[in-house]
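*Asks:* Please put together the full structure from these sequences, using the hints given.
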Amino acid sequence: MSQAPLTATGLVRVTVASGTRRVDLVLPGSVPVAELVPELARSVGLLDALTVHGGY
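Residue numbers for the sequence shown follow the numbering used here, so the first one is 1 and each next one is one higher.
A hint or two may mislead.
Here are the in silico distance ranges between beta carbons for each label pair [unchecked claim]:
| no. | residue 1 | residue 2 | range |
| --- | --- | --- | --- |
| 1 | Pro-28 | Leu-50 | 26 to 32 Å |
| 2 | Pro-38 | Val-12 | 14 to 20 Å |
| 3 | Thr-9 | Leu-50 | 35 to 41 Å |
| 4 | Leu-50 | Val-23 | 26 to 32 Å |
| 5 | Thr-9 | Ala-49 | 32 to 38 Å |
| 6 | Thr-15 | Leu-47 | 17 to 23 Å |
Simulated from the structure, these hints should not be mistaken for lab results.
Here a beta-carbon is modelled for each residue, glycine too, at the ideal position from N, C-alpha and C.
*Replies:* In structure tokens, the structure reads:
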């Protein structure tokens, strides 16, 4: 049995990288990227209160 491609299920694979961190995610393809940016930034530690200084 073969698996359906993620795009057929409405999901997309995304890799978020920043500095030394990298996170591979599967996200809903129907959600605008602008709505996901804060959570994507959190996933690589960009919104960590201890390391944030003056924005992204």
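*Asks:* Which hints, by number, does the structure contradict?
*Replies:* Number 4 - this is the single hint that the structure violates.
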